[in-house]
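Listed below, chain by chain, are the residues.
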Amino acid sequence: MTELICITCPKGCHLTVDEENGFAVTGNACPRGEAYGKNELQHPVRVVTSTVRLTGGAAPRLPVKTDKPLPKDKVFDCMALLDAVVAAAPVKVGDVLLANICGTDVNIVATKNA
Amino acid sequence: MKYDLVVIGGGPAGLAAAHAAWEDGCKSICILERDKELGGILNQCIHNGFGLHFFKEELTGPEYAGRFIEMLRSTGVEVKTDAMVLDVTHDKQVHVVSAASGYEVLDAQSVVLAMGCRERTRGAIAIPGTRPAGVFTAGAAQRYLNIEGYMVGKRVVILGSGDIGLIMARRMTLEGAKVLACVELMPYSGGLTRNIVQCLNDFDIPLYLSHTITDIQGRDRVERVTVSQIDNKRQPIPGTEMVFDCDTVLLSVGLIPENELSRATGLEMDARTNGPVVYENMETSIPGVFACGNVVHVHDLVDFVTAESQRAGHAAAAYCAGQVAASTVIKPISAGNGVGYTVPQHIRMDAVTDAVSLFFRVRAVYRDAKIVITDETGAQIAAFAREHLAPGEMESIKLPRVLLDKVQGALTVSIEEGK
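Same order as they appear, the protein sequences are chains C and S.
Numbering-wise, the numbering used here puts 58 at position 58 of the first sequence, and it's gapless, one number per residue.
If you count the second sequence from 1, you need to add 1000 to reach the numbering used here.
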């Protein structure tokens, strides 16, 4: 049994995950908590949010995120990739700036119009 | 210029209030924003976790703001950016100065105050030591990093475990800084639990509860800080000092509603929230002047700012349409045992349709406690069980009209321990 705090929403449910019973989750208030509890002990993932360089816009940086959660052990590899990305205005929310990063189907997308 | 509604502040509160008023048929609205763009603090909150309640999906700050900016684009709501409001008079004249239009006086039938809040600074908490560069509020560092593109330091100690401090611990780590410690004066964290997990625990950043910074040293730039454990009177305990070699201190030590304008206007203020006293529809002590969002009380979640601001917007539209909230029976709400404040502070019974939501913060951490509502006779009107209550998490309860009708005089909200 492992105790976890769910990070899916700000409520922060205290979860208990039973590894010996198919990673059964208790203490969750919603289905997202169950999914989080199961995943966190088997293959933890995180959405990465950061910024990339922007040219031709009002600001020098453009906020971006991974469009899906990325395996947790690839978070710093993802950050390293972002160093080389330069977005050029105009950019719209959801525009893909870098596709299939770190050998996954996760893309880096813009989170602001610029 | 004449407007039905002038909204002061173009952050999430102002955007939601303006949009709600427009939807209700108020067609002459102007938003005044002092920054270059709408969106307020959401523009620098590039992390995700916003919108789960309101949009039912997980968004980043810029995305959440962007949704509202798009919604407003299809309306006739006027927006003035780079515009600083200097004064709001008792008869709702709004004095504003901007590079584009110079000095203007706008005549408003109704005003929504949505100025948000500010961070407490080093001066406000009087940390001893020298005064080198490298001491930032967490929000200022967040703006430098996320909007301006400057890395503010390499070895960081964070004072305070408020959400912005925790978010910045992760952000600085991802950008290659070493965050040595997060230091919290109180015996519990001031931020959301999920942020402790995903911002500190994920990166093995230690959280020192019941500790504070007792010295900042450095000539030109911060060179080291001393952290000490404190006793239950918040005094440093000699012999517990830890020294951290660092170049940066980030402060996440509380937010204060920004009410210079409200005070100058002469609104009745609540010393506990540092915001205006409001009725059930977010109207202040001056009829036709409404307030919403962090200017009223500091929220944890933007979704709740949106909901509160929509109520203010709806009420402002009703006021402009001539529906003035009657105030024959007013029930004051007071904060009892364990409760820091309540919003609203008064309920006008004539204005209540089906229910009133009360928002408040508790003063300590409770397990298996009850939120109890009593009236002036001491009679218990309602009780709500809670497994977990903490000062870092705003609480809310919904009181149906049928219960409120039973209340004799003032209401008191308090916390009772035990199931």
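Errors might be hidden in some of the hints.
Claimed, not checked - Mimicking DSS-like on lysine-lysine, the simulated pairs with C-alpha atoms at most 25 Å apart in a straight line are:
no., chain 1, residue 1, chain 2, residue 2
1, C, LYS92, S, LYS1178
2, S, LYS1092, S, LYS1080
3, S, LYS1398, S, LYS1331
4, S, LYS1080, C, LYS92
5, C, LYS38, C, LYS11
6, S, LYS1178, S, LYS1154
7, C, LYS72, S, LYS1178
8, C, LYS68, C, LYS38
9, S, LYS1080, S, LYS1056
10, S, LYS1178, C, LYS74
11, C, LYS38, C, LYS92
12, S, LYS1056, S, LYS1370
13, S, LYS1027, C, LYS11
14, S, LYS1233, S, LYS1178
15, C, LYS11, C, LYS72
16, S, LYS1092, S, LYS1027
17, C, LYS11, S, LYS1370
18, S, LYS1056, C, LYS11
19, S, LYS1002, S, LYS1092
20, C, LYS68, C, LYS92
21, C, LYS92, C, LYS11
22, C, LYS92, S, LYS1056
23, S, LYS1027, C, LYS74
24, C, LYS38, S, LYS1178
25, C, LYS68, S, LYS1056
26, S, LYS1406, S, LYS1331
27, S, LYS1002, S, LYS1056
28, C, LYS72, S, LYS1154
Claimed, not checked - Chain S regions said to be covered by chain C (calculated; three or more residues, Cβ under 8 Å):
no., segment
29, 1035-1046
30, 1194-1204
To be verified - To spell it out: a stretch of chain S is covered by chain C in this simulated footprint if at least three of its residues, at any positions, have a beta carbon under 8 Å from a beta carbon of chain C; those stretches are:
no., segment
31, 1062-1074
32, 1351-1363
Since the hints were derived computationally from the structure, they do not count as laboratory data.
For each residue, glycine too, the CB sits at the ideal point set by N, CA and C.
Which numbered hints are broken by the structure, listed smallest first? The structure breaks hints 1, 9, 11, 12, 13, 14, 21, 23, 24, 27, 32; every other hint is satisfied.
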